[in-house]
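Using the hints, put the two standalone chains together into the complex.
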Amino acid sequence: MAPRFSELREAHSGGENVTHVDLAIAPDGKEFATCSKDGSVWVWKIDSFNDLEPPAIHEVADGTHSTLCWREHLYMGVTTTDLVTNIEKRSLSRLSADPMMIDKTLMLFAMEINSIDVSKEYIVAVCSDCTLKKAPLADTTNYEKIEFDGQPLSVAIDPLEKFVAVTCTDGTLSVYPVVGIDRLAHFERLFRSFGDIGPRHTRAQVRWSSDGSFLYVATQGSVRVVKVDEWELLNARLSSDELKEEIFSSLALSTSGKYLAAGTLNGKICIWETATKKLITMTEHRHKGSLMAISSLAFDPANDSNLCMADIKEGVSILYQALDKKEVPAPTNFSRVQADLSDDEDNVITRPRRSKFLADEAMGSGGNSPSANFGNEDENTRMSVDLGAIKRQFGQFDNLEDDIDSREMTMGRSNYNQQPVYSGPPVVTFKPPILPKYFPSGGVPERTTDGHKHKNRYLKWNRFGVIRYLKNDDGCLIEIEYHDVSISSEISIPNDETKYTMGDLCAKAIVLANRPKKEDQSSELLVINLLTWDREKTRWNVKLPVGEIAVDVLVTDTLIAALTEKGNIRVFSLEGTQRQIISHAGVLSTSAAFGDTVAIVSPFGGPQWMEDESDEVVPFYAYQVTIYDIKQRNSHLSDVPLSKTVPLPVGKPGGKVFWMGFTNRGNLVSMDSSGCVRLLSPSDLWIPIFDGAARLMSISDSIWPISIIETPKCEIRYAYCRGSKVPLMEMRLVPTTDKWELPVCDKGSDKTKLEGELLLNELKMTLNGIVGEDSQTLINEHSKALIQLFTLALKMEREGRAVELTQFSVSSKAVQALIKYAAKQNRGFLVDKLTTLGNELQEKNEEDEGRRRPSTISRPAPVLVETRQRDADEIRGFPEIGPKKVVLKKRESAFSGEATLMALNRSRQPQHQEDGENEKHLDEVTQHTDTTLNTQAPVPYTDTPKANPFSKNGDFTQPPSSANSSLFEQLDSPWDRKRARDKETPSSTPQPKQARLAFGSSNKENAGAYGKWYSANEVRLRKDFRGEEIDFEKFCAQSFRMLTPAQKKEWKARVEQE
Amino acid sequence: MDSEICDFLAGDELIEVIPNFTSGSIQLIGGDMGPFEAGLPVEVPLWIGINLRKRMKCVLKVPNWLLIDCLKDLITLENESNSLLQLPSLHFFEIAHIVVRDFKEDLQDGDQVKTLIQDLWDKREAKIRSSTLKFLKQSTYKSAQMDNIQQIEITQMRGPLIAATRNTERLLQNKHSTQN
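First to last, the protein sequences are chains Y and D. The first sequence begins at 1 in the UniProt record's numbering and counts up one residue at a time. The second sequence begins at 1 in the UniProt record's numbering and counts up one residue at a time.
The following block holds chain D by itself, in its conformation from the complex (with noise of 0.2 angstroms):
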């Protein structure tokens, strides 16, 4: 799993656009989407959303989620609470990176919502290193529960955290052969 797989995986996560044209449903394997009346906000998942915008086929109806105040609340909260904050999307940020990348036309202030996102990621990304280093330093508890923690994180921390919890297992097999 790497992050490539996460934003793939963000694809099937289902948004709304304002379509241009008019259609009947569209049977696909995963499901039947449609059916499409210009004008009209419609249901579809994030690669069919991506695909009629490159087609200029579709506008996006931004999520309540990506717009300025909600994110500067998000990350008010974010500020105030100890653990991770539980976000409104499991695949938050893979969904923001997307849409300021493929609908950056349809979104308003896109700097802004990209300066705030990195901002949140930053605060999160912060939290999870300090806990990592906390559980790595102590020696009696064996596992850890990270709560809200989004997929994306965990792909970013695995490597390092794996690294770190065998070198440590390495160096206490050191220690207890020494001693024996």
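If we strip away everything but chain Y, and leave its shape as in the complex, we get (with noise of 0.2 angstroms):
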């Protein structure tokens, strides 16, 4: 009898979730059990499991991590949640027999259990949190942990518990003692390394010999061996040429030791002899007519031959005759392979004769052709090739109902879940590519790549708050949380009637969307406004159109829109007046807005294909952003474009978008795949502003954007996930800030890190406009950037790249200040050179400027920072129709206040002037009050910097300002400017401590009462006073005090008469 398969029964979802489904044998040997994620256990008698009797199904907490150990108990890793703090808990439990339900929890864990190993005295367990713990079974309290650079995949106890084998992601395999943390061994490169764990990635099994002497490890091609003596890898490999290409991922070994069975995730089987390292058997696993990766294997303690296996699909069979050799008994009329590759003589394809099947000479050469067997008996030939033929040759039997040859044929009903195995080369299944699923940006989708359900997860977390989704078994909660509780307090929504999915928030209002399941329903949306004035009514909620189901929800502070899978955009105002209806042409795959704009990322032609890192040729798209203009005002007097489309760069081919989102101050940018963030600056062109990856500390860890900050500072606020690609509620993340940087060659050194420097001035000036508020700053900024790049050119006697950055120059401030280092440095040449530069670009600048013209699609302005207390709205480029605004000029210091004070009377005299002569001027204020509107948003007032007294860094006096400052003088080294001091000459006389009073002055002339008495006394008082001339005046001073108030009185009608 050949190797066959029971009937395929599906476990726990019944194939809807595609995870790994663990196996394990009881100790008696009459039944094995499964385990999924959904929470179950399933336990299956194998004796009669072919008679289809159902399992014994036992719900044994909330969740359950795909990963059991049957030996006398049955250990496995689940999640629990407390019903009073509602906090997940994951841990490594015991469950009783009988009932079988959690009897003793063993060790908590971080994240999910990826395998457990128990043997009689000892349990380990590896965890997604890239640990190992270990322990006494009798004391599992007092347990060791080790910490590994990947995610750890599988462990086992050797069964002579003295050592601990463990595979991870990172492609290694390394042995520790069961008692201590020192490694033993450690084995690299043993299959690709990868990121996250899932049923498409392996789960690279390792098995211990019965007798410890040997490891077996699940790779790439083949399974490896170890010899514990020496911890060396063996060369000799169980693999065979047809199973070069496939990657090996579950591992059993037989009860007597004698038989290795792996399992591929090409859904292949093999068994081999371990004493001979021979290939025994190979058989294919399908599931529905699909090949299937084999997830975990088991042999029948009591009987070698049979082998209970589970799918990915979470199929369960048991394959029965595992190591008969004999050839398989032909369903009838099927062609099909020997099993045994290793036997030629039996290697030969072999099928019906049928009358009406022609032999075609060019589909195959040689003996073993199915041309031979079959055209030597038939009369004619026939030189089409016969698709039926092909396919059954191939083994491609799907379709063979539809066959026009098979019409012939019988097809018997078949138990056979087997399918002959091909022997040529590797037929690759066409799977046509399918374009990316919609996410939200900011948001958890509700399932993972690899199909985990999230049950507790982040709807939105953007820089104004989060909204979390929470589901436990006593129902379904929203809860809003604003990072400003000033903004709004937290507001809790039951979700169990309205299944709200997906939201969004920001200032002014929180919107919230549901996705019905039934194509008769619609979706509904509910929006809570905080600022509306109409205190009772600050929630509304509008049914989208029967069909029309909602894929995302964007607010902002002037719209709300409902992106449908229909493509359109429905936009709503903020009281929920319906404003605008548009058509997206293209695929959602991620949105975001801002203010009236809201940007669409969508995929563009067709799929490209390329290798990539596991040499798999997978399909990947281009992307374009669209980016919409929505105006809910005079939208019909506008005869402009509105949208405008925009390549949007991934980074190398294969790369994805991860996040879209705006800076506070409307401009676009989004994260690729890799963790580039890149900016779309107003001329359209697309700046990598910061490199997530290189803040990454593991493979397996992500950046989770939050905002990008352009004012007051460039920066970018993340949350760091480690060990998952989103935010999980339980990590409780905190943001991390960053700050801009371009990523420059060489950041090492001064020169570039200057050019950086340069670089990220140049950009903000882009983003800033022509005239913004702080275009001075960071015209002086870019001076002083360029200047001491102009020193660096010249230390390094590089006068030609001296003379090009002179060309970079923005202000004829900073090119004369070049020309004079460079005359201090006599260098005259470069002098004239600077000059006759400097003449031409004041030239080109003019020019220049007459030519500027507004770029026709209009982008938001510079925005204020958005908070509850600023009245001040994007400024348009269109004339507002209300008052119009006063330009107050930045204050830069208190001696500018005059010049401040004089622009503010100057804007106010419009409204008191009537003269004539004055109306010109009136005329140039409005026009420079108009076009200050058009291109510069109001700059409120602000407080300027003021010093702290006591601030312990000793800046006592001057707020940092190093406007005033000679920049050369700041270049000087330490050195010269201590030498300047030094040259300097102290003032001669030292200065008195305390206010000299007015009456010793020197100035006679003061006609007052002392005066005149001093006068006409010098003399008397010169003879009586006897010290230093410097205290000469006091003495003076004291003896007019000492005058009665007659004396006084006199003095002072003298002076008075005169």
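Quick caveat, the hints were computed from the structure, so don't treat them as lab data. Hints are supplied without guarantee of correctness; some may be wrong.
Okay, derived cross-link-like pairs now, SDA-like style, lysine to any residue, Cα gap no bigger than 25 angstroms in a straight line [what the hints assert, rightly or not]:
(1) D:K72 to Y:T105
(2) D:K61 to Y:S724
(3) Y:K713 to D:F21
(4) Y:K145 to D:C70
(5) Y:K453 to Y:K518
(6) Y:K824 to Y:E847
(7) Y:K471 to D:L107
(8) D:K72 to Y:P136
A few chain Y residues facing chain D, derived, Cβ under 8 angstroms [unchecked claim]:
(9) S486
(10) R717
(11) V734
(12) P735
(13) T737
By construction, the Cβ of each residue, glycine as well, lies at the ideal position given by its N, Cα and C atoms.
Dropping the structure here:
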């Protein structure tokens, strides 16, 4: 009898989830248990498995981790939720036999448990947080913990209870003692490293031989063997030529220790004899016609010939006669190839005789070809290739019933899942690429890429707050929490009935939407308007048309947008008026909104193909972003295009969009799957401003962008997710802030540091606009960086570079400063060159000023910080209907206060002036005001930074500003400055510490009473005075005070008479 | 110097809190604090953190060394080391005490943290006591050095140690006087 599969049974969610399923044989060998992620354990009886006896299903926890081990008790990884605190807890638990439920929690873990092994006295488990914990069974609280660089996949204790073997996602195998944490052996690059654990990746299981002398590891292309004595990875592998492309995942050792079974990700099950390393059988497993990856295997303890298996689509089956080498009996009229590939004699393809089938000489050659077997018997040949025959030859039986040539064949009902194994070149099954699904930017999708469903997740996490989706046994809840509680306190909304699954929030409003499951239902939106003056009607609902299902909702300070499956963008005002319905051309990938702008990412063009790191050919798409300028008012008046499309870079081919948003000033930013954040400049160039990949400590980590800030500082705020691509609510993540950093070359040197500063400064100037509130500061900073680069170039004797740098200056003052510096350095030729260049630049600038045109598509002008306290809204390019705003000049220092007042007075003059002379001035002011409105946001009053007199830094007097200090003095070395100070002549006269009174003033023309008395008595006073000249005036003052009031009055009268 | 003063001095240590309000810099005698932005961690002295927490204006970002796993590692290292381990903060016990008392809502598994810190304190105290007794028993050396001891531990042992050394001095004086 040949290997044959039993009827395939579907367990757990019945194949809805694509996930690993673990399998363990009971100690008595009569049953085996399976577990997936649904929180249940299914126990099957081996003997009656084929009789379709239903399994015993035990609900043990809220979730299970697809890993279990059955010794005396059943041990598994479970997730339980505390009813009181609603906190999920992941633990390694022991289950009681009857009833099967958790009777003891052995160890707690931060994340999911990937693998467990239990021996007589020890227990070991590995977790996705890159840790391993091992402890004696008698006292699991006293565990030892080991940390890894990658996530551990599989763990096994050797039969002699001396060693523990662990494989990790970084492709390594490590061996540790059961007691102790000193590593005994380490092997690298056994298989390709990967990030997330999932059913599409290998489990890299390890198994010890029954005597503990060998260790088997499932790797790529083979099963590797490690000799325990010397910890040597043997060159001899368990493999064959046909298996070189296979990725082995699961292993099982028979109870006798003679046979080792291995399952691959392509559905192959191979069995070797451990002693001779000879491949005995190789079988393919299919799940509903498709090859399905094997998740776990286990030999029947009573019969080495029977092999229990589970696949990643939760299909469970038993392979009977797994060790039998004989030819598989043909289910009627099927062609097949002998399973034993090592025996050439049997390697024939046999076909039944068919009268109408005509051989084609082109189909094969040699004695073993199909044509050789039947071509001679038939009278006619036909040149066309028979598709049905090719299919049969290559083992493709899927569409056999549809094949014309198969009409004569009787398709017997077969209980076999087995398909004959093809021995020719590997046939790649074509899987058409699927368009990427929509995902909300800033929110965690319902399902991750590996099919895992998040129970509790963030619907949105942005710079305003978070929206949490919580689900437990008691029900479902939406929690909305603002970072700034002054906007709103925490809001909780019961979600059992409404089932909202998407949301967004800003400083003014919150929007939630649901996604109905039935086609005859429609999505419902709930909006909470926080700033409505109608305090009693803060909430409103609206239902989308039947059949139009929302995929995402966006909210800004001015609008609410609902994106639907039909590609419509439905725009509402904050109070609920429908304002726009726009159709988007393309598939929705993700979206973001700011102000009146909505940006949508779509893939464009067809799929493109490339080889990925594991040499698999995978499809990828190019992306573009469409930016809509949605006008709620006067849209009918607009005659300029209100949308534009820009290609979206995603890094190297194969990259994807990971996040998209707007800065706090309304510039579009995106992040790709490699962690690179790019900003769309006003000139439609994508500039990389941050490299998230450089911040990652491990390949399984990721950064989750929360917001990109332009003012006051250029920063990116993100959450660092360890071991996960998305932030999990259990992690209690705290945002991290980092500065923008352009990816310049050679980061260590001063030159590139300055170049990076220059680039960033130019970018800020581009974002700030031509006339912005900080433009002068930016120009100064730009000039400073340029001058520093200039001096560096001169120090390195690179005059050519120095001249070139001059061309990059943005102000004539900078050019003048460079010329002065060159003159100080006695570089006459350079001075001449710079002067000529300066003149040319000046002329060019003047020409450019005249030719400058505003852009046709209006961009949102730089906006102030969006807080509830700010009254200033975005300024559009169009004239506003309303009182003209007065532009206040920013105060630079206290000394410019007068200038500010003058400016204020000038701007106020139009209200009071009646004189015709001032009409012209009025026009100028008005004109100035108008242009300023168009190009400059009104600058609110800001306090000048006051110095803190008590500051520990010693910055007592001046606010931090280097505007007045000489740059070149700063560039001087400290020794130069010290020498300069030493050369200063100290003041000759010591300054008196006390303020002097005005009495002793040398101004004798002072006609006061004292002065009069002094001039009359000076001679006498000098005679009477005995002391220093300095103290004479003091003496005189004291003498005057000693006069009687009458005398003083007399002198005063004399002065008045005169 | 007593434990209250140690607590007071520990109040000047910087901790990270996450405010739920937005405000500019606050100028204080000791220096400027902030600016504060809702949702973003900011470093403030501990006494300000306590004040803000009591007014429900912030949430503490628990220092890494106060997490359970790190505390367990510290206890393990303390066990293995013969001398006193250098703790992550100069005011380790004071800060831990303040956090457990004033920021208990922000601390996960506060009871376990308390237990672990108590364990650590007991181990260190045992080491200090045994070292002190050894020192007092001998008469060859007149001074001793102990590294990595915390201020509050010094405060704790100062009284008994001074009393013991004075008694020892008196006894030695008596002995010498009788010999003479």
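Against the structure, the hints:
Restraint check for K72 (chain D) and T105 (chain Y): satisfied, since their Cα atoms lie roughly 20 angstroms apart, inside the 25 angstroms limit. Between K61 (chain D) and S724 (chain Y) the CA atoms are separated by roughly 21 angstroms; this keeps the pair inside 25 angstroms, and the hint holds. A hinted pair counts as satisfied when its Cα atoms are at most 25 angstroms apart, and K713 (chain Y) with F21 (chain D) qualifies at roughly 19 angstroms. Of the supplied pair hints, the one linking K145 (chain Y) and C70 (chain D) holds, its CA atoms being roughly 12 angstroms apart against a limit of 25 angstroms.
Proposed proximity of K453 (chain Y) and K518 (chain Y) is supported: the alpha carbons are some 20 angstroms apart, at most 25 angstroms. Distance hint between K824 (chain Y) and E847 (chain Y) is unfulfilled; the C-alpha atoms sit about 31 angstroms from each other, more than 25 angstroms. For the hint linking K471 (chain Y) to L107 (chain D), the alpha-carbon distance of about 23 angstroms falls within 25 angstroms, and the restraint holds. Annotation: proposed proximity of K72 (chain D) to P136 (chain Y) holds, straight-line Cα distance about 18 angstroms (limit 25 angstroms).
Of the supplied interface hints, the one on S486 (chain Y) holds, with its beta-carbon coming within about 6 angstroms of a beta-carbon of chain D, less than 8 angstroms. Here the hint on R717 (chain Y) is kept, as its CB sits about 7 angstroms from the closest CB of chain D, short of 8 angstroms. At its closest, the beta carbon of V734 (chain Y) sits 5 angstroms from a beta carbon of chain D; the interface hint therefore holds under the 8 angstroms criterion. A hinted interface residue such as P735 (chain Y) counts as satisfied when its beta carbon comes closer than 8 angstroms to some beta carbon of chain D; here the least separation is about 6 angstroms, so the hint holds.
Annotation: interface hint on T737 (chain Y) holds; nearest CB of chain D at approximately 6 angstroms, less than 8 angstroms.
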